[in-house]
Amino acid sequence: MAGGGQVEKRVRYKSSVKDPGTPGFLRLTEAMLLFVPNDPKSDSKLKVQTLNIKSQKYTKEGSNKPPWLNLTNKQGKSHIFEFENYSDMHACRDFITKALAKCEEVPKKSAVSTSTEQLSIAELELRFKVLRENSELQRLHKQFVESKVLTEDEFWATRKKLLGQVSTGKSKQQVGLKSMMVSGIKPSTDGRTNRVTFNLTSEIIFQIFAEKPAVRQAFINYVPSKMTEKDFWTKYFRAEYLYSTKNTAVAAAEAAEDEELAVFLKPDEILARETRQKIRRVDPTLDMEADQGDDYSHLMDHGIQRDGTKDVVESQNDQFRRSLLQDLNRHSAVVLEGRSIDVESEDTRVVAEALTRAKQVSKADGETTKDANQDRLERMSRTAEMEDLQAPQNFPLAPLSIKDPRDYFESQQGNVLNEPRGAGALNRNVHEAYGLLKESILEIRTKGLSYPLIKSEVSFEVFSSLTQTISTAKNIIGKNPRESFLDRLPKSTKDEVLHHWTSIQELLRHFWSSYPITTTYLHTKVGKLKDAMSNTYSQLDAMKQSVQSDLRHQVSLLVRPMQQALDAAFQHYETDLQRRTAKSVGGSSSERPNGGV
Amino acid sequence: MASVASKLYSDDVSLLVLLLDTNPFFWSTTSIKFSQFLSHVLAFLNAVLGLNQLNQVVVIATGYSSCDYIYDSSLTPNGNFESSGSGMPALFGSLLEKLEDFAAKDEELSKEEEHEDRIASSLLSGSLSMALCYIQRVFRSGHLHPQPRILCLQGSPDGPEQYVAVMNSIFSAQRLMVPIDSCYIGTQNSAFLQQASYITGGVHHTPKQLDGLFQYLTTIFATDLHSRGFVQLPKPVGVDFRASCFCHKKTIDMGYICSVCLSIFCEHHKKCSTCGSVFGQSKLDDVSSVSNKKRKAPDT
Ligand SMILES: [Zn+2]
Ligand SMILES: [Zn+2]
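Protein chains in written order, with UniProt numbering: chain G, 1 to 597; chain V, 1 to 300.
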């Protein structure tokens, strides 16, 4: 692997003779010596300036010592490298000797170093690592860099991102909380008895405590003085089970009997207090009630599904009910907050107490702003409008006065409805018409529904005409006629059709994105695209002609939308061309209203 | 255990609000008598009520001068489907009674009518608004309610003076996601109903033979919203949305629009003829009139 300016060998590096050695690479350049261990975690990296090497000793071939090279720097520290064989060692030794000689020759030149030599060990390591992990890249590297098509720097310059990503991946990330909701914890059943088992991990406990301060407080209060930890969690999950059934009546009944269970079932008072505090700090000018009326949950496809049923809020026993939104919001808040404490304890009580302390601190922080209320009032008075201090709001106002709304309708109807207004009112005998209507109503009131209601032949006619309407409509504008047609075509035709679609789409995308034409470059591009499209157009025609006659109709149905799309593009091209030539001919002469075509 | 109510209100429970055209000027010109028409409609309503225990039907009469609720199945005691020997479900007795009263009142109101040149249209905008109000009240009554839809049974021609009101109703229905089905039995074509169904995702159909109306109604319009996902219903080929100018009623595809009232003109005016707004001279005017006229002007 010996390049012109550098030598690289596999070695073991020993800081002393006794040291068993670290396997890695020794890389020598004229300016310095680098050792990169194979294990990226190893800290026995080494970088020695050639200038700093004082002397080198080495083991002789034939002696029963392995091929060692011992370099001593000017501070007297020695570095021992064990090579795989003697020839490797000699190659390095020769290289260092030459480099040393060069350094002495032009000692000042070393100050002007090339970029490679400025690389930190970390960067070099990174490159090695990337190459090791990516065999394709390694092949490229071998192919271009080692054959000097590309320089090392050029090669990596286009892959800075690759190196950057690897390096950022190295920094230790703070581990957040899992996004799974604690209410999503489902018990396991043994399938035989009615016993269910919840598996609690310290992470889940942390999350429960973080999301539900009341549970945390209850734990501190009850365990172990009143109950064991196991009993505590059993009660907790009993409460969760009651929630999940959404049977608020049962929950209310059980809560009435069991004081401790009630703690879990009732709304979290600590949380409510925190929320109230937060609301007090919201900008007073923000109208939080404004969007309360926006309720779409009654509409189809709105509302929230949970465990297969719609989350419906009912008013009775409201306090024993949590909506999914409440759970979700609380959970998101805790996840976003992250791990607020740094306790890695298995002891549940320690975790609970640490969380409580952390909360108290942040609460205290909130309360130091005693004059927050004062601030609030001030902000309010700054933004509140004083009506008598405002300038008179006499905007020029013209009420919308539509003279005849019929115009709107007729503009939609166009030529279809051209009868003069009032024509319908002719020969209208109001009394007679109402008389007939009332007669009819009286008739059906006395005689009942006509019998038979409908003749079976008429029904049959209706059915067949409807069926016909539907089936023809489906052929023309049906859901996805292409699919069914395509499968009936021979494979080569099908491929051809699909290919045409792809290329037409590509051409059209480029075509339409070229407008408006602002440069000669775009002008040329559009011309080329137009030629290519005309080409495709005639290919489509040819394809239509070439298919078997029984498929021709279907193929032309497929081709029609393609040609329509192309036609639209051609039309736009022509119109634009005309407009542009007219402009250049007519110039800015607006005296000729007809454009003089 | 899910509560009883939420189980019963599955997605195929319908609230059908039927807008019944009772315009006497239409019914005095048709081949089919109003009583025959009512037979088909009442049988259809009966069928809808029979499709699901929880289905609800509301009928609003669309008259010439007024409209009113004439039937609400939720106000009638259930299980009253017995025939009273006249071949008609007893529960429609009150409907017909109300309809009779309505016709009398509508006649009174029509006498006070001032616009003598009005096309003999019925008050569709009014009944559409009433239907939407009713549906809105159902929406707000709670989370459990049937899926509402509106069916317009219309024969009278469109009333151009109602255009703005009708379009507003259509857009409200669209926003509420309430489909407006329409069955047009008149001689012309109803642009109102075509657009109403198109915009709200309802079905529009024009029966070819009125003696088979019951068959059309049950085959097409009895389909609840849930089933429409699986059923192929007749689709109109397309709705023509092209506009024509207010000044000459010429169909145009490019023109001037009043920025105040959205009236359309084929040429530049100094003043809007619809709302009276005075237009300034546009800077673009010189340029666009050149390119515009070039394509459109050959016939002038
Ligand atoms: Zn015009
Ligand atoms: Zn206007």
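Derived from the structure by calculation, the hints contain no laboratory data. It is possible that some hints are incorrect.
Okay, the calculated bits of chain V under chain G, using three or more residues with CB under 8 Å as the criterion [to be verified]:
{"hint": "1", "region": "30–39"}
{"hint": "2", "region": "48–60"}
{"hint": "3", "region": "92–103"}
{"hint": "4", "region": "126–135"}
{"hint": "5", "region": "243–250"}
{"hint": "6", "region": "265–278"}
So these bits of chain G aren't anywhere near chain V, every CB distance computed over 10 Å [to be verified]:
{"hint": "7", "residue": "Gly5"}
{"hint": "8", "residue": "Asn52"}
{"hint": "9", "residue": "Tyr222"}
{"hint": "10", "residue": "Glu257"}
{"hint": "11", "residue": "Asp258"}
{"hint": "12", "residue": "Asp347"}
{"hint": "13", "residue": "Arg406"}
{"hint": "14", "residue": "Glu461"}
{"hint": "15", "residue": "Gln539"}
{"hint": "16", "residue": "Asp550"}
{"hint": "17", "residue": "Leu557"}
Every residue, glycine too, gets a C-beta built ideally from N, C-alpha and C.
List of violated hint numbers, smallest to largest: 2, 4, 13 and 14
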